[in-house]
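The primary structure of each chain is shown beneath.
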Amino acid sequence: MSNSRLIRTYGDQINDGAVQLSFTLPLESGALAKEAAKRFCEKLGFHDVLICTMENIGEGFSFFVVYAKTPFSVDISDIKVITPKYKKLPREELDELVKTRFRRKIVVIGATIGTDAHTVGLDSILNMKGFHGDYGLERYQAFEVHNLGSQVAPIDLVKKILQIKPDAVLVSQVVTQRNAHIKNLTEFMDLLHAEGIRENIVVVVGGPRITHELALEMGYDAGFGAGTVPSDVANFIVQELLKKSPTV
Amino acid sequence: MSNSRLIRTYGDQINDGAVQLSFTLPLESGALAKEAAKRFCEKLGFHDVLICTMENIGEGFSFFVVYAKTPFSVDISDIKVITPKYKKLPREELDELVKTRFRRKIVVIGATIGTDAHTVGLDSILNMKGFHGDYGLERYQAFEVHNLGSQVAPIDLVKKILQIKPDAVLVSQVVTQRNAHIKNLTEFMDLLHAEGIRENIVVVVGGPRITHELALEMGYDAGFGAGTVPSDVANFIVQELLKKSPTV
Amino acid sequence: MNKPRIKLDSKLVQRAKDLAEKITDDIQRIIDSHSTVSVERTILRLLGVEGVVNEGIPLVNAVVEKIKEKDLLQDGVCRHVVNASTILEEDIQRTCEAIALDLDIASLPVVSEEQLNQRMRSLTQGVLDKLKEKSDEREELFKTLGDPPTPYKYLIVATGNIYEDVVQARAAVAKGADIIAVIRSTAQSLLDYVPQGATTEGYGGTYATQENFRIMRQALDEEAKKVNRYIRLVNYASGLCMPEIAALAAMEGLDILLNDAMYGILFRDINMLRTFVDQYTSRLLCAYSGITINTGEDNYLTTSDAIEKAHTVTASQLINEQFAVKAGMPHHLMGLGHAFEINPDIEDGLLYEIAHALLARELFPSCPIKYMPPTRYMTGNIFKGYAMETMFNFVSVLTGQTIQLLGILTEAIHTPYLQDRYLALANANYVFNNARHIASEVLFKDNGFIQKRANEVLAEAVNMLEHVAEIGLMAAIEEGQFADIARSRSGGKGLDGVFKKSSSYVNPIQEELEKRLGVKK
Amino acid sequence: MNKPRIKLDSKLVQRAKDLAEKITDDIQRIIDSHSTVSVERTILRLLGVEGVVNEGIPLVNAVVEKIKEKDLLQDGVCRHVVNASTILEEDIQRTCEAIALDLDIASLPVVSEEQLNQRMRSLTQGVLDKLKEKSDEREELFKTLGDPPTPYKYLIVATGNIYEDVVQARAAVAKGADIIAVIRSTAQSLLDYVPQGATTEGYGGTYATQENFRIMRQALDEEAKKVNRYIRLVNYASGLCMPEIAALAAMEGLDILLNDAMYGILFRDINMLRTFVDQYTSRLLCAYSGITINTGEDNYLTTSDAIEKAHTVTASQLINEQFAVKAGMPHHLMGLGHAFEINPDIEDGLLYEIAHALLARELFPSCPIKYMPPTRYMTGNIFKGYAMETMFNFVSVLTGQTIQLLGILTEAIHTPYLQDRYLALANANYVFNNARHIASEVLFKDNGFIQKRANEVLAEAVNMLEHVAEIGLMAAIEEGQFADIARSRSGGKGLDGVFKKSSSYVNPIQEELEKRLGVKK
Ligand code: B12
Ligand code: B12
Ligand SMILES: Cc1ncc(COP(=O)(O)O)c(C=O)c1O
Ligand SMILES: Cc1ncc(COP(=O)(O)O)c(C=O)c1O
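Chains as they are written, first to last, in the working numbering: chain A, 1 to 248; chain B, 1 to 248; chain C, 1 to 521; chain D, 1 to 521.
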């Protein structure tokens, strides 16, 4: 007896397996290139491979657009998605909760680390204005926000932490070329451990290529990807702090 | 010792294996659907799967755009491409060749068969005007052209052949939904055999989804796909007729 | 909006309209003296005759065949069926069933002309009341839900399975579609009968049947209430069953029918007499039921060059307009066809597109222009295609078109996938909204390329119409004046279904329609 | 073309220019009394000083450091280096090598002021002759090959490997690119030296080095001959080495440099005094060598709302213009920045885009506007993105922009793949060609939304400049007036590299440039 739930890609009939692809091959357009493109798609398991276009794009390369059918299904019954865990309370309630449980503001520090100069993402979590009509942390009575901006070296961020002693640290990473983000994030986490201050604080990371899974792997408390709104982060921080020290 | 020549898809570095995909899954957008999309791509062998967008497109379906990397290469050393065989002579030479070798015009009949109403493709092979600056068969002194137009039932085409006794028959098939073309083409070929007139004539088929391979499989002398120009067809017919009866 | 956006030579405009009127006058005389099997079946359908006999042949076909066999068709089916029904004291349906089973109508007694007329009058009244009711119902819903802004986003569904079509249509509506067209199965237009019931298989489209109409209408009305905007439903009339489909569409509350006075002749090789007669009856029904027609000039540009033969589109629009006027159609129901089909690689092609689109707009200021997307120059490069669609959508808002058939990026590849339709909507939603009021901001240079080009096309159309008026429309079609396609007047499908009306021919419904629409005495 | 396309309030235009002039006058006084380590290194580079000392530190850096250590930098490197060279009877290169090895320049005898001047004059002559030669060479090729029509198609390459960049650039040129920009490796602008040699690794870009410039210039010149049109080469100056990069670019015959008077301050947190001084020297060099500068106002719209803060773009363009005037630049070398960054989901957003684009065009009629594509609202839906690019390309031809940075459909995903660049070109080739002469056909309604909006933005810019003029540009930046980013005058990188010139400061090259360009006395 199986509970498997198989799903397949859809063009215009359930389970038809339709998929669109485009790619470049290092071959001049011609019968050989076309056949190579077809065989490549067959290697991916596709059948009914339709090479819709083959165009020379210079320097001996060809561009292809393909529609094809896959025989593969995905069993979604065994997918367990992990996401940061928190209840989504309205801003007023969260403010109230912090007031009664902490009797002070939660101090947060935010920075984009390494040579990454992208601030828009972090700003949209921290600034009053927020994101997509959802107010940023500065707007909450619950938070005291220190936004250090971009291009902050991990070591400098650690110095600031030692000085300000925040409850939570928010790190942003947008540039992921050559895994620059992994390098920066690991370095920062190592420094926190070296200074012995990792345990006391909630450390989250965000950015368009960040997943919760990746964040956990690197020892962060949570990871927030594209489309995050500030209230997600606000709730997570407060509830995580309460989990860490339920006695406050 | 191997002569294999492995090639792989290219994004911005040789052998990086970059491919773009888009597809629809029968799932509402969300963490589950995203993971399902990722797993599907992994089933295709991809790694570094980047789900770039996931959008609800109504009725419980989601649309995905993905970039990913494939580990698969294609060995192009063993690809043998089959295409119709002929030398490409200029129109004047071909006319001259027919004049000296046949001492009469080559009679051709063209038709789009079945309920297919697309005539533009066939017309662009047969009409004076031609295609992409390449003159059509009517323009050659070598040919006498009978263009029956579209929606010709296979049986009616056979009747016309018995009446006109052409040297070559040109069949067009554009609509391929539910394999309508296969059905029509097979039926027509069967009728030719039944009437015992297959051997004497050159029979070619063309259309945007026709390949030479498919044409051969169905017993045609050649198949012409998208982008065919009339001179391809003109040369093929004449040279094929000469092969069939080299004594003329 | 600053109207007019470009100045057309008013003398040319007048001349064009006059010529088209004359051309269609000549044909209308022939139409008036003929009827067809399809027109006769239409009468029966309107009278409520339903069902199929053996092998799925509709009862209406069987009845008309029987009457024809008995050589009585020239009087019209109405006379004989109503006579039989009166004599047998059966309703029309039962009478027809009996006729199909070979009732010898020729040997039945004949009721008095007065009694016959009286009975026909009352039946006609019933038919027209029912149609009115249906169109009032639709008008009501329309008023409640409100009209979306133009250009309306028109999407096609074509799975072959009406239930699957419903899913696809609903998804499209959820993402912004204003109009849903169910494409017919390939070559249905060559069938000389209308299939019956809900269908789940088709070739590149779904059969047009009364039940399929009903299913989709209901689905769209439900969806419309959800999205709070009226959703129009389209099907195709042109073909061998033009008036019958119009009748079924009217009964089921459809909003738009593809309905061209010449499409069947040119693109389906249907006999011209057959088509001319059929289109007239179908348009009377559309006019009465408030169904917008869509003509098919766009198709010309799939076979002929869109710049070289632009004037054939204009000439045909003028002819379609006059045929529609003759069928009592108000201009707001005449959706004239046009298309964005210029080779995208031509320098300044877009200026031509704008000129042609503005010409259609200005020459028919009260008609809802149906604007077709690029199809012919769409290739397997779906990205390039998507860029072309973007410009098409932009030209449409810029020139103030009405009904926008959204282009599909996979046009050269397959009938639309769900995601293809979604992307078409994403494109149109973006462009229409982002450029919403562009038409009232932009002017075109007086005597500039665009204005000159529009007048040039109009002048060429007038030239062509002069010729057509001289030799007659039928001869012009025989010459291949439209779409580069030549058709002979004695050729094509369905000529055997046309007949000359006898002096005792009656068609009370048509007469009443003509009266109410004010087209005949 | 009908010019002007929209009417701007001429009083506002005058006021705007006056204010910007005043604002930059105040800064120019400060500039004139300062120099920076980068300016000094530039002199050495122009004098032909090459090579690196240990750990890849360029010799020019080592020399400037040494002179600084000896507390002599305030006189400028020229005085001391030329003095030493004269005394040692060595050429400048050898002299610098000696200084780097700790030659005690302070203890050397001092030649007469006259002798020094004479030597410096002859060196300067040599330098400027060489630059002239290089730019003449380029002009020559330009004339032979001819200029492609505008908007020029500008494509970026960014593999990190200069040899791979060449392949990508060649492919782009083959498919229609007119301009190739080699994006710098991430954060190179924060390096206080220019790396040396050909490089094959970089982060999101390729290092700007003299050798990389040379390699790409040569590749493009070869390719240009094949496609028979001149191909422009772009790199980036803004950053800590602004004048040095300008010098290297001039020596290697580059055509365009990203070069903004405030970009480094705002987006790279470089000290403002440092940037102001550096930009001046770099622009003198560009002006002399016929290098077009590209300013970076487009960046503002990546952090601020493109409608709300449209006037900050205009204000900044006006300031950049005046700074450029002060550096002797003719208007045809001032490529002012602008961008198509309005949220695509805004109703009539395109009307705003057109208004803003026309404003840039009309306010700076002789400047080649650099028009940036949508980036901020590009998402992972590459199709929607491609539609946005299509409209961007259309607005560009419609409003007559000059330098078109082609949008890349994968902007939100990765640095461009080969196929992404190809598709960007396919889009622009289609739109530009298909709408080639649209700008001379279309007029905008007098007093319509577009004209009003352009004047509104101009008025807001004037308001802002009034305020800036009152408090001074530095204070305004401290307030966060530009790009919503606040920077303090004592903060930011590179302040320690700025110094006040002593009374014996000399910089003969700069003086000569100023003289030839007619900007001083
Ligand atoms: C704006 C922008 C810039 C601006 C940045 C201005 C500024 N002050 O931020 C400028 C012009 C300066 C810039 C420069 C560069 N950029 Co840039 N830029 C962008 C762009 C267009 C938009 C980014 C953005 O603002 N998004 C909007 C915000 C709201 O979204 P977000 O960042 O994803 O943030 C959301 C979530 O991720 C999350 N989040 C983000 N951070 C955090 C932090 C926490 C704690 C939490 C909880 C959540 C969170 O919440 C936010 C709201 O939902 C993107 C392309 C694109 N369309 O995405 C490229 C892009 C990010 N840039 C890129 C690159 C390569 C560069 C350069 C390195 C290019 C170069 N070689 O010079 C330079 C240098 C910058 C540097 N050293 O970092 C690449 C990155 C590729 C990669 N994956 O590595 C992109 C994808 C463009 C591309 N295709 O090449 N850029
Ligand atoms: C124009 C057109 C029409 C016109 C046809 C007018 C006419 N008289 O031909 C009209 C509007 C009538 C039409 C109708 C329909 N069409 Co149509 N049509 C097209 C369109 C836009 C262009 C086709 C074309 O003219 N191409 C240009 C010619 C030159 O190219 P070609 O045919 O490939 O020919 C070249 C080669 O293939 C080859 N070749 C072709 N034939 C032959 C023969 C020989 C002997 C040789 C040697 C070579 C050769 O040489 C030619 C030159 O290189 C395509 C979409 C597209 N952009 O491709 C859809 C398309 C072909 N149509 C399609 C469909 C489904 C229909 C309909 C069935 C829709 C419906 N449900 O009503 C109807 C009905 C038609 C029918 N029963 O067949 C589908 C077919 C899908 C499929 N693969 O089955 C397409 C792909 C559109 C789509 N995405 O749905 N159509
Ligand atoms: C006016 C008109 N009628 C009918 C049709 C469709 O006819 P068919 O069902 O014969 O393909 C079209 C073409 O799309 C058309 O333009
Ligand atoms: C004017 C200007 N200079 C320089 C740059 C690039 O600077 P960096 O190399 O610091 O990313 C930009 C941004 O693209 C710019 O607009």
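Any given hint could turn out to be false.
As the list claims (entries may be wrong) - Cβ pair distances, simulated, as ranges: (1) C:S440 with A:G149: 33 to 39 Å; (2) B:L214 with C:N463: 29 to 35 Å; (3) D:G51 with A:H132: 52 to 58 Å; (4) A:I155 with D:D9: 29 to 35 Å; (5) A:T186 with B:N179: 52 to 58 Å; (6) C:R516 with A:H132: 54 to 60 Å; (7) A:E92 with D:D305: 53 to 59 Å; (8) A:H132 with C:H332: 39 to 45 Å.
Simulated from the structure, these hints should not be mistaken for laboratory data. Fair warning: this is a prediction, and the values are worked out from it, not measured in the lab. All C-beta atoms, glycine included, are put in the ideal place defined by N, C-alpha and C.
Each hint, compared with the structure:
1. For S440 (chain C) and G149 (chain A), the hinted distance range of 33 to 39 Å is not satisfied, since their beta carbons lie about 44 Å from each other.
2. Checking the proposed 29 to 35 Å range against L214 (chain B) and N463 (chain C) shows it is violated: the Cβ atoms sit about 47 Å from each other.
3. A hinted range of 52 to 58 Å holds for the C-beta pair G51 (chain D) and H132 (chain A), which are about 53 Å apart.
4. Checked against the hint of 29 to 35 Å, the C-beta distance between I155 (chain A) and D9 (chain D) comes to roughly 53 Å, which is inconsistent with it.
5. Separated by about 56 Å at the C-beta atoms, T186 (chain A) and N179 (chain B) satisfy the suggested range of 52 to 58 Å.
6. About 56 Å separates the C-beta atoms of R516 (chain C) and H132 (chain A), a value consistent with the hinted range of 54 to 60 Å.
7. Distance hint for E92 (chain A) and D305 (chain D): a CB-CB separation of about 27 Å, inconsistent with the stated range 53 to 59 Å.
8. Between H132 (chain A) and H332 (chain C), the C-beta spacing of about 41 Å keeps the proposed range 39 to 45 Å intact.
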